[in-house]
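Novice: Start from the sequences, fold in the hints, and give me the full structure.
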Amino acid sequence: MSDTTTHADGATLDRLPRPIARLLGAARVTGAVLLVATGPLAAWGTFVPARGMPGECGGDAPPCPPGSMSAILALMVAWFVLLPVGALLVGRRPAPILAGVAVLTGGMAAGVLASRYIADPVTHATRTTWWFVAILGTASVVCAAAAIVLAGRGRHAAIADDRASCRP
Amino acid sequence: MLTTGAVSISATVAFASGWAHDQPRTIAFALADEPFGERSFLHPDGARRVVDGLLDALRDREGVTSLFLEPSAASMRVIGGDRLRRSLRTTVGGGLETFEFRTPSHLAVRHPDPVPVAAVRRLDLAAAVAATRRAWERTPGRRVPTLLLELRDGRIAGWKVEVFGDETTEVLLDPSGDEVDRLGAGTPGTAGRPGAAIASGTAVGASGDDHASGTAVGVGHGSAG
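Each protein sequence line maps, in turn, to chains A and B.
To convert, note that position 155 of the first sequence is 155 in the numbering used here; the numbers rise steadily by one, no gaps.
To convert, note that position 84 of the second sequence is 84 in the numbering used here; the numbers rise steadily by one, no gaps.
Among these hints, one or two may not hold up.
Stated by the list, open to error - One side of the interface only, derived from the structure: several residues of chain B facing chain A at Cβ under 8 angstroms: (1) M1; (2) L2; (3) T4; (4) G5; (5) S8; (6) I9; (7) A11; (8) A16; (9) H21; (10) Q23; (11) R25; (12) T26; (13) F29; (14) A30.
Hints listed in this document are in silico derivations from the structure and should not be mistaken for laboratory results.
Here a beta-carbon is modelled for each residue, glycine too, at the ideal position from N, C-alpha and C.
Specialist: Next up, the structure:
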């Protein structure tokens, strides 16, 4: 992945005024960092609720379990802030965005799995867990595979795309 | 990106698992699942630790008038040299609550003579816990096992095991933890709630009018004396 970026950047940077090229490179790196950061946030965001959330809590209802607010917040930020902003910053490249989605869904699956099978248990019920992990895990693996394939194949396409979109 | 993601997710999950270990829900489930497991106060080591911890929290010249153990909590009542009574309670989650009864005991109804701290420290908790476990295992629909130290005239009379379930099992033990009598299986009326067991246990130690404690006390004296 980083190889691709370097190659593409190298091709692009030659043809752009230096400050803009630098800015663009920084944006891509930042975008990639944001996309990767969705993983741990999503893992935390599913780990805590998977240990049981009441139907209603906070306010007049009994207080929420510890960590649940941060978990919901983490999941929200991962989905609705980091993923879109990261995707915008890396530019029109499907490979890093797919990798980001793979990391996000993988993080969610890992959070649930760890909550039930790695950490000390809070319940014996397992069926929902397995469905959740299976669906998200499959999505993650598919996205990761697609990202790898696209990164390999799209090297030249990305360069061409950069030329088309970045030239004045 | 994928590698970095995997590494950071693993790190998060490892951290979260450590965090979850001491969460109230985790502890509650572990105790409901295994009332005699390692985190329980009815585990031999756990019982020793919590009882010693409570005794360490006592002031000079204080003696024990009641001791009650259940998987998630342990409580002790004491009377000081100034006849002032205190109640101490600790839970598996940690922390010690103490409550001071403002009235000196000569104004209150009845109080058992306190047992010296050293006598409580010498108790064979492992044997009592093992007997509790045996009672628990033969109780249908078993839920919460409890263990109450029976005191009488400033001496340790024995233990009373109560296991709440579809039926309530009561077992009386002598101070060394040997089974003396089985009572009350299938008679929930005699058992009451754990809280009531503390209260009545304290009062009963002095009066001896309750049939269950009466039996325990009688036999307990025989083997203790």
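Novice: For which of the previously enumerated hints does the structure constitute a violation, in increasing order of number?
Specialist: Those not satisfied: there are none.
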